[in-house]
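Asks: Spelled out from the first residue to the last, the chains are:
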Amino acid sequence: MATIEISCFEVWREISNYLDEEISPEMRERMEAHFKTCAHCNAVLDGTRNVVGLVGDGRLFQMPEGFNKRLYKKIQGDP
Amino acid sequence: MHCWALIELERVPRPGFRLREGAAYSQPRPLLSLRPSNVPIARVANRFLRSFMNTDMPANPQLRTNEAELIKSVCDGKREAFYELLQPYERMVYATAMSVVKNPADAEEVAQEAVLKAFANLANFRAESKFSTWMLQITYNEAKMKLRKARSHLYESLDDQQQTDEGDYYPKDFADWRPIPCELLEESETRQAIQNAIASLSPCYREVLILRDLQNLSIKETMTILGLSKATVKTRLHRARLLLRDSLAPGIDGSWIKGQDYRKVRSW
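Here the protein sequences come in this chain order: B and F.
Residue 26 in our numbering is what sits at position 26 of the first sequence, and the numbering runs on without skipping anything.
Residue 1114 in our numbering is what sits at position 114 of the second sequence, and the numbering runs on without skipping anything.
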């Protein structure tokens, strides 16, 4: 059976769920068929995927220096 | 060095991600043989840290048992055991506070208050959720309370209500963003630009983004901590990611790093 076509608009609405694998196999198939032919949606997909990768990278977010020492002191009951 | 930095335990890549060539995620292996030369230790250590928090994976029975023992020790009066219990989650406590208050000094204060509150109430922890989820829930509530106390945020929170636009999304443009950005995080300018973009999101989007994508919490944990429905978590995460894409995609291509205008790579 041929895959039912999907619009760009529908793809944008589901792109985050697509990355998180929170969509049905049927929707995944439709989106993947769309990505094969639509450069715009590929650009949105790549960009969104990159955002997730960047935000999740350990280098992005640093704790202030001495944070854990000060926390430990608090737990010890020091002023 | 903490022992947890020596081993990489992440079992699977994030869904939808392309693995780096040569990277193997399927089996726990010693760090040195696993880490590709171009992936810094901090990133590998972070993956390990995040792997603690992913409830989509089977729970680590050893960790849970150890936590239960530590909780009992604290309740029996061993104050120092609390630090051991908390240590794997320090960063997450701080990041959760930051997602609400944005300012590092306030976030640290919130983190300290939350930790003391958790310490005082540990006997009430019933293990219905993971310790980490409970701890982050306390942190989130403390951070919200701090915001409420600060008059200056009254206006911001009113704005947030109006900015919670969970309707349809249209991309600002179709900037082509080649899949190479992780190396860019070595540059402090890039890190700052991304942090600014995250900070500029409405709190309702930023909170979900930080819990889900920075801390890699499951949808269920995020729902518990923020007190939101599954649909709302998914919608806000979706919007947060796309807003960030809109603000960063041209920048990643060079404009906010080198002061150049964005140039399309493809002909369309």
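Quick caveat, the hints were computed from the structure, so don't treat them as lab data.
A few of these clues could be false.
Subject to a maximum C-alpha distance of 27 Å in a straight line, what follows is the list of computed DSS-like cross-link-like pairs (lysine-lysine) [to be verified]:
(1) F:K1172 with F:K1117
(2) B:K74 with F:K1234
(3) B:K73 with F:K1146
(4) F:K1220 with F:K1144
(5) B:K69 with F:K1220
(6) F:K1172 with F:K1146
(7) F:K1220 with B:K73
(8) F:K1234 with B:K69
(9) F:K1072 with F:K1172
Asks: Now tell me, hint by hint, if it's right for this structure.
Replies: Results for each hint:
no. : hint                 : result
1   : F:K1172 with F:K1117 : violated, 44 Å
2   : B:K74 with F:K1234   : violated, 36 Å
3   : B:K73 with F:K1146   : holds, 22 Å
4   : F:K1220 with F:K1144 : holds, 20 Å
5   : B:K69 with F:K1220   : violated, 32 Å
6   : F:K1172 with F:K1146 : violated, 34 Å
7   : F:K1220 with B:K73   : violated, 33 Å
8   : F:K1234 with B:K69   : violated, 36 Å
9   : F:K1072 with F:K1172 : violated, 53 Å
Taken one by one, the earlier hints fail for this structure at numbers 1, 2, 5, 6, 7, 8, 9, listed in ascending order.
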